[in-house]
Amino acid sequence: MIRTYLQVAADAPNQTGEQITFWICATLAVIGAIGLITSRKTVHSALFVALTMMNLAVLYVANQAPFLGLVQVIVYTGAVMMLFLFVLMLVGVDSSDSLVETLKGQRAGAGLLVLGFAILIIAAIGTALTSVTAIGLDPANAERGGNAEGLAHLMFTKFLLPMEAVAALLITAALGALVLAHRERWSAKRGQVELSLERMERYATTGEHPGPLPNPGVLATSNAIGTPALLPDGTPTDLSIPVPLRGESRTRLAARSEQIAADVGEVQSIASGAETRRPDALTGIDGHTDLDEVYPIEAAESEGER
Amino acid sequence: MDPSAYVILSAVLFCLGTLGVLVRRNAIVVFMSVEMMLNASNLAFVSFARMHGNLDGQVIAFFVMVVAAAEVVVGLAIIMIIFRTRRSASIDEPSLLRH
Numbered sequence: 001m002i003r004t005y006l007q008v009a010a011d012a013p014n015q016t017g018e019q020i021t022f023w024i025c026a027t028l029a030v031i032g033a034i035g036l037i038t039s040r041k042t043v044h045s046a047l048f049v050a051l052t053m054m055n056l057a058v059l060y061v062a063n064q065a066p067f068l069g070l071v072q073v074i075v076y077t078g079a080v081m082m083l084f085l086f087v088l089m090l091v092g093v094d095s096s097d098s099l100v101e102t103l104k105g106q107r108a109g110a111g112l113l114v115l116g117f118a119i120l121i122i123a124a125i126g127t128a129l130t131s132v133t134a135i136g137l138d139p140a141n142a143e144r145g146g147n148a149e150g151l152a153h154l155m156f157t158k159f160l161l162p163m164e165a166v167a168a169l170l171i172t173a174a175l176g177a178l179v180l181a182h183r184e185r186w187s188a189k190r191g192q193v194e195l196s197l198e199r200m201e202r203y204a205t206t207g208e209h210p211g212p213l214p215n216p217g218v219l220a221t222s223n224a225i226g227t228p229a230l231l232p233d234g235t236p237t238d239l240s241i242p243v244p245l246r247g248e249s250r251t252r253l254a255a256r257s258e259q260i261a262a263d264v265g266e267v268q269s270i271a272s273g274a275e276t277r278r279p280d281a282l283t284g285i286d287g288h289t290d291l292d293e294v295y296p297i298e299a300a301e302s303e304g305e306r
Numbered sequence: 001m002d003p004s005a006y007v008i009l010s011a012v013l014f015c016l017g018t019l020g021v022l023v024r025r026n027a028i029v030v031f032m033s034v035e036m037m038l039n040a041s042n043l044a045f046v047s048f049a050r051m052h053g054n055l056d057g058q059v060i061a062f063f064v065m066v067v068a069a070a071e072v073v074v075g076l077a078i079i080m081i082i083f084r085t086r087r088s089a090s091i092d093e094p095s096l097l098r099h
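Protein chains in written order, with the numbering used here: chain A, 1 to 306; chain B, 1 to 99.
A few chain A residues facing chain B, derived, Cβ under 8 Å: (1) A26; (2) I37; (3) V49; (4) V71; (5) A110; (6) G136.
To give a feel for the contact side, a few chain B residues facing chain A, derived at Cβ under 10 Å: (7) C15; (8) V21; (9) R25; (10) I28; (11) A49; (12) A70; (13) V73; (14) F83.
FYI, nobody ran anything at the bench for these hints, they're computed from the structure.
Cβ coordinates follow ideal geometry from the N, Cα and C atoms, glycine included.
Required output: the full structure, derived from the provided sequences and hints.
Right under this line is the structure:
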């Protein structure tokens, strides 16, 4: 009798500790579940699920299942949720759900059905589990020297057949993922010969230049990579600029169009022999001068450009 | 502590997972809701194991975890294939077949 009282007294602090743990983790788990349903972005949903699973792991440990708690953290939050995030990154992070209801009243109907189901199941649990006290796993855990040892003993004796079946299932799943992710190559890979033949074919039909594209312009006023090269008639060519910079160089050119036109005119007149004077724009310039120094734009404009 | 609290929490999580499956239309979110339902049932198994004082429930929860991992691998591969061919992960798209 005294011994039972002592045990109750010893268990009492644990009980309150477990209750505090339960209420904190249960609240966070339910918040995670609600967040999964309500968040528009899929990545947020995935993070909410990870929150729920971490809290469930804590609850497993509180339920005397430390092995399952660790497996939950490693398998679910570690592997499964990261796999989810991986697929999300492949599919595209910003793919959010559309909120248009295709079936009329589907959401309200689903909410009603789930509410009814919840009332039914919780009422059943509430009536079935009144005044049930947990036996506790201390003797069962102590029998083999620990929780993991007890589980291992069960898995390889009583549950040996399901264990083998699960092993077969895992192998099948791995093979299935390999087969599903495999993409068949329907045509032979194109090598250097095929590519050059295609290039010449395009030259014959469309007249597209088969050689390499021209270098960026190395002008007296600038040799930056965004500077377009000038064609023989003095017009700049877009082909000489790397593709990502093409739009920007057009705006740069548009901001200084008259200045560049005057410069080009001057160069042309020198080339034709009409004028032998060195252009004004080039005096005092070495090869490293920036375009902005030679063609100064108004401060506000250049700041807006950047 | 009263084990029914854990079981009720698992019922609540299960219902929220069901709601997610029914309401959301992104295949990946539906998948995560299914995972949530499996986790809720695991919590019920674990608390029942403690209630009855033997480890069978924990072994079954372990098997559920393994099966869920296998299911995720295959399911995500299928979603990837569908996305590759249709450029969309919405499970609502087949309704366009009506038009």
